[in-house]
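Student: Chain by chain, the residues:
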Amino acid sequence: MLQKIINSKSKTFLAFCFCFLFGTAFISILDFSFDFVFIYFGIFVIASFLIIFWKNKFFRLVSLCILAILFAFGRYILFLPSEKNISNYAEEKVRFTAVVIQEPDIRMDGVRYIVDVKNLDKGVGEGRVYFKFALYPRYEYGDELDVYCQIKKPEQIEDFRFDKYLALKKTFAFCGVPQIRKIGENKGNFLMSSVLIVKNSFAQKINRLWHEPNASFVAGLLYGYRGGLGELQEDFNTTGVTHIVAISGYNIAIIGAIFIVILSFLRVPRKKAFWVIFSGISIFVLFAGASASVVRAGIMGLLVLFAKQLGRMSHPINLLIFTAVAMVLHSPYVLIWDAGFQLSFVATAGLIYLTPKLEILTEKIPEFFGVKKIFLETLSAIIATLPLVLYHFGRFSVVALPTNILILWIIPFIMLMGFLSVVSAFIFFPLAQLLSWITWFALEYVILIVKWFADFSFASINLSVPAVAVVLFYMCLIFYKQIYNFLEVKWLKFRI
Amino acid sequence: MKKVFIILVIILVIVLTGLFVFKIKNNFSEEAKAKETKEEVKIAIMTATELNFLDIGQGDSTFIEFKNGEQILVDCGKDAKVLEELGRVMDFRDKSIDYLIVTHPDNDHYGGCIDVLERFEIANVIYNGQQKNEDFYNEFLDYIEKENANFKIIKTEEKLDFGGDTIDFIFPDGGVVSNPSDNNSSIVFILESGDKKALFTGDMEEELEAYLIAKFSDKLDVDILKVGHHGSDSSSSQNFVDIVSPFYSVIPVGKNKYGHPSLRVIRRLERLGGEVLRTDLLHGVKILMDENLSMSQIQ
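These protein sequence lines are chains L and D, in that order. First residue of the first sequence: 105, per the numbering used here; consecutive thereafter. First residue of the second sequence: 602, per the numbering used here; consecutive thereafter.
Next up, chain D with everything else stripped away, as it sits in the complex:
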């Protein structure tokens, strides 16, 4: 009888809590609800904006969590591995992401995006606008539509605000690059938090680097560089690296047959005095954009 009693009590507690949650949800008006969620977010406030460079194998994926709790996923790697890595960096109750930025439709950057759209509630999708003639791409568009997310294509330079932090999209800006390849149509943006800056490059190659140097050379000096095209030697030219002069250079890379990352590029970046961090060797890199840019492995 005792056992039965305990089971009944447990069921009762669960039902009551369920009802309680239900009541709270219903009682609040839309406005109060918004407030409530904001307050909830505040509990989770972190001291600094957090960049998580995920170890998703050969590919690219970065999870950004701002001070105000808003979240961005930049690219999704090549397959569903990104889900496992997101599980490592996100709170277990959190199944929504505010922004999904797809820098360009190469498989190693958007191959995992459909799974992300399927599993998470995505409010906004930001895309570079490149059309692609493959089944996966059509499916990708379908899923965005199904998700009911705001779909935005970057055409000109623009800025988004995240509670004081900003993201400044500097490419595509309508200009023409000398070698308009897929890689050179990547979304490029600068994230600014306090006095620290990070540059996200997608798969940008030398030509686009030259173009951006010509246009924004004063803006490009940052603290953290997400190294372009997995550290390939078609990117990160000497000139570009000199101007960017990053403190941390993060190379998102995994096992591959292309010889990424190039030793020459690594040496080039190291000669600047900064530190080169590889997602495969560190099994994911976490950088806090605080005063001293604390870096750690993802736990």
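If we strip away everything but chain L, and leave its shape as in the complex, we get:
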């Protein structure tokens, strides 16, 4: 096996990626830091080794791996807050001006803002600050605020790694109770501002068309907002269908599939169709806020789509790992601390690799109105994500499979009808109302099913597994062939 890796260039590259991810995981878990000089030094030493032993393939591989790990360390350390970061003023009352740098996270009980500090009264300070504020007055992306508050450093709150949650957003400080005054606007990125303006007008139409929680449900399906789901969120969690309201590869794949239907109807050739779908999904990703998780969903959705529909890809796993590396390069924290990141990767891998295997196993069972397809896909996603779900959320939804089968078929319809309702609301409101009522029935159907299943006392059981079990499980899943062969050999020997 080692020979294979050494002799194949793409496999060497894969090993390099793996080492990078391993290095990031290692430093994230142990959470240590050292001076950047050591990284320079290390890279220098390894690079010289590499040049000296370039002919020796084994040494070359090993030094490349160490190099990758060093890169990972370096990236991680660069991501840590700098000496000038505002978190150094922890427990001090400060006044600063800052710009809202991310789309405000509006929930039922208030709004969460992340601002980028521009000027600090006490001296030098930079970086981002997170704070929760009342629902109104509401500030927009790009607004410049004058903030007076006590800076705090995030810490773990019971089981919730609040510090890591903020670190994912490159934020290392938060405010106690802030006093805020708006002093300017339009200080953000122009493209982002315009996207958010479109998105907000969309949200406004949605809010006018449906009551809560249906409004948030539609918004969740269309662009991943779920701040107003309220009690429904809990039911979604219990029945294991939350993935439909988070922008995941799943939603993207649906949009792609709708595109494919339209394009094949219009007889667009395949190669062109690819670019149309690609740009369509890019626009959607932009519209949904283009956050790291949405971009990831876009890539995952395209992967699944093309793996299944537009001809086979030779090595989707390479692309998958390459995407992971790119995302980790962007923000090293996601690898260990972002459950969504991990789940979307294993779910995608499950859909690409596990579904065909299950299809072979169930060859004899006939397809019945697409139920079998949904069944197999749900099952493979559940199998692939199970240990991670148990590890992160400590519970397992018993009813996830039947609930998903009963509702997934109608989701594309809701997405399409919801989208049409909102678009027509801009043109002619009564028509939008009419469409929204049709959508409402479909939404109620989903809610009815979800509530019905969530009502069972056994709908979800609490079960937590340690991280080691998670790793073991995936090892078994990846190397099942080797394990199978190994067991067979043993077993045969035993018989002889």
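Hints are supplied without guarantee of correctness; some may be wrong.
[Unchecked claim] Heads up, simulated DSBU-like pairs for lysine-lysine below, C-alpha to C-alpha not over 35 Å straight-line: (1) L:K291 - D:K733; (2) L:K236 - D:K858; (3) L:K197 - L:K291; (4) L:K309 - D:K747; (5) D:K733 - L:K309; (6) D:K733 - L:K226; (7) D:K733 - L:K222; (8) D:K760 - L:K555; (9) D:K733 - L:K257; (10) L:K115 - L:K291; (11) D:K856 - D:K753; (12) L:K188 - L:K113; (13) L:K376 - L:K476; (14) D:K760 - D:K820; (15) L:K273 - L:K555.
These aren't lab readings, by the way, just hints derived from the structure by calculation. Everything numeric in this text was worked out from a predicted model, so none of it was measured.
Fit chain D to the supplied structure of chain L, relying on the hints for placement.
Tutor: Relative to chain L, chain D alone:
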């Protein structure tokens, strides 16, 4: 081809229905339009006026639907949770409310009002007139202006009619209470439907209770009491409770750090022989103002 055909038919039907609706809307004159909406309302006529005490957490919000279909929202709770609860009690096509009554500008009573104004078409806003020096309050006024709603401040006793049912505002009436706190400036009103009455108290405390007893003691005997200030023991004095003697006492309350509702108040109300209903335990209370005052949980 079959699929294409079906899709085309669906699109055709939708377009036709849209055009149909458009035509109906245009054909009717203003008057006929008014008639039309009235008729629509009649379909939804209920047997009795309906009080929905919403479970919006620690705060206060009541949705009232009269026999004739007119709707009132009294207070909006502390945040956007009220939207979800309104979704539970309102028809899915209904995105308008006739009256929004804000009893007083405390966060747990008007914190959700901007969201309500933003999402619903509100025709009238009734307010107790109290000025407040906070950003939220200014924003609240802005939104009312944006909504183009009639804005009315209760200054003297007055009555509104809702198809035979009445709402009688008994406070603020221009009089002075011994302890003029924020809570004691709440709008207080009596809703009368048939021979049944309900008293809405906002966050009224003992001083205002004493004032109202002195002024309207004959009016205050009602069947349903929205218990003042979330069942705090600064409200619902023995004297007041004796005079009101409600059949149902509804306490709008949620998880809180103030010790609401006070056990003493609950016992006081129960000793009268009536039933005490808590919005948090029942997850919303619905009372029909019919002969036997049927009560149920909000579904």
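Student: Now, for every hint given, state plainly whether the structure supports it.
Tutor: Okay, the hints, checked on the actual structure:
no.: 1; hint: L:K291 - D:K733; result: holds (31 Å)
no.: 2; hint: L:K236 - D:K858; result: holds (20 Å)
no.: 3; hint: L:K197 - L:K291; result: holds (25 Å)
no.: 4; hint: L:K309 - D:K747; result: holds (16 Å)
no.: 5; hint: D:K733 - L:K309; result: holds (31 Å)
no.: 6; hint: D:K733 - L:K226; result: holds (33 Å)
no.: 7; hint: D:K733 - L:K222; result: holds (32 Å)
no.: 8; hint: D:K760 - L:K555; result: violated (43 Å)
no.: 9; hint: D:K733 - L:K257; result: holds (34 Å)
no.: 10; hint: L:K115 - L:K291; result: violated (46 Å)
no.: 11; hint: D:K856 - D:K753; result: holds (33 Å)
no.: 12; hint: L:K188 - L:K113; result: violated (42 Å)
no.: 13; hint: L:K376 - L:K476; result: holds (31 Å)
no.: 14; hint: D:K760 - D:K820; result: holds (13 Å)
no.: 15; hint: L:K273 - L:K555; result: holds (33 Å)
Hints 8, 10 and 12, counting from the list given before, are not met by this structure.
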